[in-house]
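Asker: Sequence:
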Amino acid sequence: MKRLFAIILCLISIASAIMADEKVDSLKYYRKQADTAILKNKKDKASCYYAKTLTLYKEIYGDVSEDTAYAEIASIYANLCYQSGNYEAAIEVLTEASQIYKSVFGKSHPHYLNAMKELAHFYRSYGVYYSDHFNYGERIRLVNEAMKIIKSSFNIEHSDYVITLELLSSLYSLSGNTQEAICLRKEALEIRKKVSGAKNTEFAASLSHLAEDYYKEGDISEAIRLMTEALNIQKLFVEKNPSSYTLIVNKLALYYSEQGDYKKTLHLLTESVDISKKIFGEDHPNYAET
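Just so we're aligned, residue 1 is where the sequence shown starts under this note's numbering, counting upward by one.
Worth double-checking, as some hints may not be accurate.
[Unchecked claim] Derived lysine-lysine pairs resembling DSS-like cross-links, with alpha carbons at most 27 Å apart:
(1) K45 x K107
(2) K235 x K186
(3) K277 x K240
(4) K263 x K278
(5) K40 x K52
(6) K23 x K42
(7) K235 x K151
(8) K42 x K52
(9) K216 x K278
(10) K194 x K148
To be clear, the hints were calculated from the coordinates, so they are not data collected in a lab.
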């Protein structure tokens, strides 16, 4: 009887080993199919195989909290989820991968920092493309998550911090909280000025957005001052970026008309037409619009 029991245990052990080998073979197959699909630009198929790979990987190896091979696969799958618009899955999977990188390499390692940068980008995009476009509370929450990630991993002079700050300010502005938007835009302006100076199109664009928020608040004088400053900067780049210049001219003309200064309004609108004619020509749609 004992011998029979030993034989049964042996057979069970052999069967388990065969099943384990089959699972490993399946894992290799799924990964190969996923990689091949990526090379053929069949992203949906690749995403399906990577998902199977991750599930089977955990089933075979159990704890993956310090498994960088798993994290690598998870990062690829997260990007595929992001590209397909499945932001929730992308964030969930990349968060898991980033925690593995932090556990194994530490918070200063490029693998962890790159994962965190991507994760912040996922949260930003989710905030921009959130299905309920007018749910500003949720969109602001998502972008704030991106802000937390960037603050925890990078300094405030990092380009992603300024981008996130300006997106957040735009969402506050759209939600009607222009005072918070103004506060955030001022912070972004100071960082841009410190990092890149004040004579560039990005700084001018930030100034014009701040002017728009002051206009919404009813402070026309401050809106005019800021938009004029933005105009003077954009004038330096008018030939390279005429559309941005004429857009600011037209906004400034609107502000002066609100003040009742129609002489300046007419002067600015005439300037806008003249620039469009000079840059685009009379037959160009941009000239016709002006």
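Asker: Would you mind confirming whether the straight-line C-alpha gap from K42 to K52 stays at or under 27 Å?
Answerer: Holds: K42 and K52 sit about 16 Å apart, inside 27 Å.
Asker: Does the structure keep K235 and K186 at a Cα separation of 27 Å or less?
Answerer: Holds, at roughly 22 Å.
Asker: Run the distance test for K263 versus K278: straight-line Cα separation, threshold 27 Å.
Answerer: holds (23 Å)
Asker: For the pair supplied as a hint, K45 and K107, confirm whether the alpha-carbon distance does not exceed 27 Å.
Answerer: Roughly 33 Å separates the two Cα atoms, so the pair is violated.
Asker: Hinted pair, alpha-carbon criterion (27 Å max): K194, K148. Please report holds or violated.
Answerer: holds (22 Å)
Asker: Has the given pair, K40 with K52, been kept, meaning a C-alpha gap of at most 27 Å?
Answerer: Status holds; Cα separation ~19 Å.
Asker: Is the Cα-Cα distance between K23 and K42 27 Å or less?
Answerer: Roughly 25 Å separates the two Cα atoms, so the pair holds.
Asker: Is the straight-line distance between the alpha-carbon of K235 and that of K151 27 Å or less?
Answerer: violated (35 Å)
Asker: Is it true that the CA of K277 sits at most 27 Å from the CA of K240?
Answerer: holds (15 Å)
Asker: Just to be careful, I want the Cα atoms of K216 and K278 compared with a cutoff of 27 Å; is the pair within it?
Answerer: Given pair K216, K278 is violated - Cα atoms ~33 Å apart, limit 27 Å.
Of the numbered hints given earlier, the model fails hints 1, 7 and 9; all others are met.
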